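S.K.: Residues per chain, in single letters:
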Amino acid sequence: MKEPTFVALMLSPAAVFLGLLVAYPVVLLIWNSFYEVDLVNPAGRVWIGLENYADALTSRRIRESASRTLQYASFALLFEFLFGFCAALLFAAIAENSRWHRTIFALPIMVPPIVAGLLWRFLLVGDIGILNHWLAGIGVISDPGAIRWLSDTDLVIYSVAFADIWLTTSFVALVSYAGLTNIPKDLIEAARMDGANALKRFWHVTLPLMRPVIAVIVIVRGVDAAKTFDLIWIQTQGGPRQASEVFSMNIYQRMVRYGDLGEASASATLFLIVMVLLAAFAYWKIWKPAHG
Amino acid sequence: MAERSTFDMGRTIVQALALLLVLSFAVPYVYLVMTSLKPAAHVQQIPPSFLPNRISVENYLTVINTQSMPRAFLSSVAVAVLTTILSLALSVPAAYVAAQYRRPITVFFLLFALITRMVPAVSLGVPLFQLLKSLGLLDTTFGLVLAHTSAAVPLVLLLLAAFFDGLPKEMEEAARMDGCSRFQAFLYIVVPVMKSGIAISALFAFITSWNEFLYALLLTSQNSKTAPIVIAEFNSVYGLSWGPMTAAAVLYSLPVVLVTLVLQKQIIGGLTFGAVKG
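Sequence lines, in order, name chains A and B.
Per the numbering used here, the first sequence starts with residue 47, numbered consecutively.
Per the numbering used here, the second sequence starts with residue 2, numbered consecutively.
Okay, chain B solo, but in the shape it has when bound:
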């Protein structure tokens, strides 16, 4: 009997600790959302309050009515969508042969992708600047898409290769028996079967671009600035206007937060290239 009650007590403590830990990690983001909903004048009051004493969308209106912010959001969407499409177009065929036709050249290729992922962005930023400048692509959407795609491809490639690894080789063989060419078998049989893996990879390519800061800072100046850059500049241009800044931060992060809550399991698998099954 005594053992039973210590067991229950241990369980209660574990439950309480788990809850405490989870709450303490959620609180900062909740505070960000709460702050963004305060009237602008209350945001910087001392002492600060956690909850708004009155809900207001004033900060959101300020953000939407700036000239730069809506444009930057559109720019972020355009760059992320184009990066996703280009990354998939390049990576899906390459990852397929790398996983299904193991030979020195494909192994070398995957290794190159793995090394590329370790390369610091700041090291590539400057020569990329020179390259885009000589191509006349500085401060253009397409130029930034190229840079973001170079960051997304290694990630997406390794992720897709892990997905394609689980595909039975017989699938392509059966399709070829039925008279498909290798390419037809890939396009009409393999790709449809792998569509959930490809969708997760697309999500990663999108978020890589959506969250990227350093390339956008180096490679854009006027026309194609993305939202992270404009949010960071809110600092200097508008003084320390924390209210609109928190509103912009919520607008920019809420889509990814919601996606994470829904697709948590797939995202964990993806973050480790399938090395750990979620």
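Looking at chain A on its own, in the form it has when it is part of the complex:
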């Protein structure tokens, strides 16, 4: 068999499959976004050009859900990174004794998001949430009802991120730890010889060498956090009063509850474009130079 034929034969099943179940739905999505679709009679669709996009870009509820997505993703990413990186530094400091630490720390990493969301809802919810009882017990808050994590409209978008932080900090920690252990010891040693203190060694040696690892974390986690649906859905269904409705949930609600196929498709298309551009930008900007 000729080489090109072989390559084509091996590649085609996956290519045809992805074409049918990814590329074709994307085309369908974009196609839908130019129509106004009647809920009662889906066949009666009317071409309205870019009107759905104009509506999406001027809708207050959509704008608010977009900025909430940003709040949620940056809050989650910040703390995942902070906790995860600190954990990795601690593990690296006690290198040979950290095996069990790392094993137990990895526990949440593959927990189904639906379970993590349920668990955190149970920790935070109303009167039975144990977190507030503990906080009251050590005197941080006056009584267990003082903070209403999931029903305070100003707070809820951050509270629902706790589950995300719990779920994925270990990913950040273990990936960072792997990166830290790959840094050649003699580089750190050489910096120490030159009289650099611990902080300087961290800033000028460790951090620049960790750049590709940090890039991977920010890209993978940032995009995933911005796409979050299930974790928030199980905790609040976007409530109270849409205060935790992120962008993906807004699209879902408009599609399923209001049956507005055209407008939901327009925002879903915008969402897709932004996600892909964001990932591409991050890839070229941070990852590539470090590899090249």
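Hints were generated in silico from the structure; no laboratory data involved.
As the structure is a computational prediction, the values presented were derived from the model and not from experiment.
Quick reminder that beta carbons are idealized off the backbone N, C-alpha and C, glycines included.
All the given hints hold, so there is nothing to weed out.
With a Cα cut of at most 30 Å, we get these calculated DSSO-like pairs of lysine-lysine:
#	chain 1	residue 1	chain 2	residue 2
1	B	LYS170	B	LYS196
2	A	LYS246	A	LYS231
3	B	LYS266	B	LYS170
4	B	LYS196	B	LYS266
5	B	LYS170	A	LYS48
6	A	LYS48	B	LYS196
7	B	LYS226	B	LYS134
8	B	LYS266	A	LYS231
Covered, in the sense of this in silico footprint (three residues per stretch, anywhere, with C-beta under 8 Å from a C-beta of chain B), are these stretches of chain A:
#	stretch
9	166–174
10	220–226
11	276–290
12	318–330
Use these hints to put chain B onto chain A, whose structure you have.
M.R.: Just chain B, lined up with the frame of chain A:
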């Protein structure tokens, strides 16, 4: 001497901090397990207690005796197993040529897989709904398997391509010298050598399907609902019955938690497509 003791003290502080951090991340899950083992009436008591005052399997019995839950678990297993098989059948050959025969078409293909991974599920959910509806596959196991496979293939493909990248090109050449065709060399030489990489990829395909929620929510309604959907519905159907809900959550997550504890190193490598060696 003085320096030595500050060093020891620093070490002790580091140890203590590491322990504190690890424990605070483990406690929530332990609390979930403890709650599920309480008698149902004690689950929602105020103030809540961390440990059960009496171990009971009542919540587990409630879950097992519902009509929907055992069926949903079976459905989850069936969908995840079929997704794993289909994803591997599609991805293993493609990843092999993409890694070993670098040319514009294979590079483009890998790039397409990478972009696909960034696409939000909610964007694909609605057109997938239309597609499956027109094929008559809504609310069927096979329909959901197709949707889950579309999510698993890009992940598994990139993962496998990273594994195959490390394979010496000479392996196939040597097999061809001995009279194997390209396809035979792939099937009888390459695949057996790569079986640990393929096993890890299979695990990822399985967990992708096992943990998936949004497609299952959109594409199933009666017959092929998976466990995450039924667990989420426990809310509305049975009122706020936290006891059985925590039991179901433990049953559903414990298998993956145990697998994670055993295969931690391989999973970390897999989560970053081998970009970081675990």
